[in-house]
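Counted the way the numbering used here counts, the sequence shown spans residues 4 to 424.
Since the hints were derived computationally from the structure, they do not count as laboratory data. Remember, predicted model here, so these are calculated numbers, not experimental data. For each residue, glycine too, the CB sits at the ideal point set by N, CA and C. Heads up, a few of these hints could be off.
As the list claims (entries may be wrong) - Beta-carbon label-pair distances, calculated as ranges:
| hint | residue 1 | residue 2 | range |
| --- | --- | --- | --- |
| 1 | S78 | T125 | 24 to 30 Å |
| 2 | I402 | T267 | 51 to 57 Å |
| 3 | N104 | S70 | 24 to 30 Å |
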Amino acid sequence: MAITLRDNYSGTALPHTAITLNAANDWGGQSFTSTVPYTLTRIDVWIAKAGGEDVGTLTVALYATDSGTGKPTGSVLATGTIASAIIDDIPTYSWVPCTLNSSYNIQQSTKYAIVVHGVSLTATKYIIWPRDDNGSGASDFAGGDHLFSTDGGSSWTVTTTSDGLFRCYGQNTPQSDKVYTRRLISIANNEVWYESTASTMAEFSAANNDINTVNPLTAVEAFEKIFIANETNLKVIDFANVKLTTSNVGSHPPDFGTVLTGGTSLAEMAVDYITTLSSACVIYGKRTTTATFQNSETVTGTDDDGNAISFTTSAAEASGPHWYDWTPFGADSSFGTMPSSAYLVALYRGRLVLSGHPNYPHMWYMSKVGNPFNWLYAASTRLTAVAGNNIDAGEIGDIVRALIPYGDDFLIFGCANSIHL
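Starting from the given sequences, assemble the full structure and let the hints guide the process.
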């Protein structure tokens, strides 16, 4: 990926003043405040050296700065070197590049300091780093200040009315795929509580007495939701989706993954789950726009078979978190059948796993990969839902007491008298 010019102060063609580094302990610096996030790979400085002299190898280093003084602080964040041979002799100044030994991810709106020094510099083998104040006595660069040290960086003088000429080069920093928010969930006394804001717990009023904590209960986090297995109470806490309601979903209900668009708001969402395939329906989905769905607007889309979807909202969208029954998609058998009772739940290779039916304690059930609402065991693809009676592993000859995912490759069935992989 090509690098581009990022934070910089190029000054004027003929800077008015300069600093001279003519000793090993003479360190020059310039601070700057980053304007965008990027991966820093190269720093150029506008310098020249004593005519005909070998000034040795210069070090260019990046430091964090003290929030109060703006002076360099801490250990080196990134560093590189400049060979004497590529530095022009005075009076010819030029942009001299320094490619860093390793790149560094610059954070936006953060002040850093560029520091230049050389162990071979002397009174006759010196470099000059111009600084520009246009002769006006006021800084022309708002992002930082000029820095100078005569004791190898132990102490610094900050000059706020002039700035050393520098250029930072880099490339866009890739965004991390790991974007998440941590929340505490607490379940007890037939109640479910969640962390609504940091250190503040709120109760899901809809969950009150909708579970029975006297009976065995397990829960697992997956797909930005909490899935609860509490015997006949199979429930979902949904933190990811918004909720649409309609009095009539129409003759062609949306499918899992269908993109819906609001006719008035132009809001869009990808459908995750619906409560029924006909009549009054609640639709949960991930909104992908800043615009929100409004009351009484027509929502349209196209299902997997090319059928037109159209319904009218009966309320404006509701943001999460939501509490609802965990059933196959649309609560319809065309998307399979979940066990009517289970008290064990786990996440394994993108599948939700259930076990603990009182009448079939040796059985286990897995959803389709990536879809916790598809339990159609009859399908023949490798990603389809599976259960203990339609796969090579078959039924376990013991009472399942625990589901234990181990790494990426194993699901351990802890049973009453044995362990199965």
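Hints violated by the structure (listed by number, smallest first) = none
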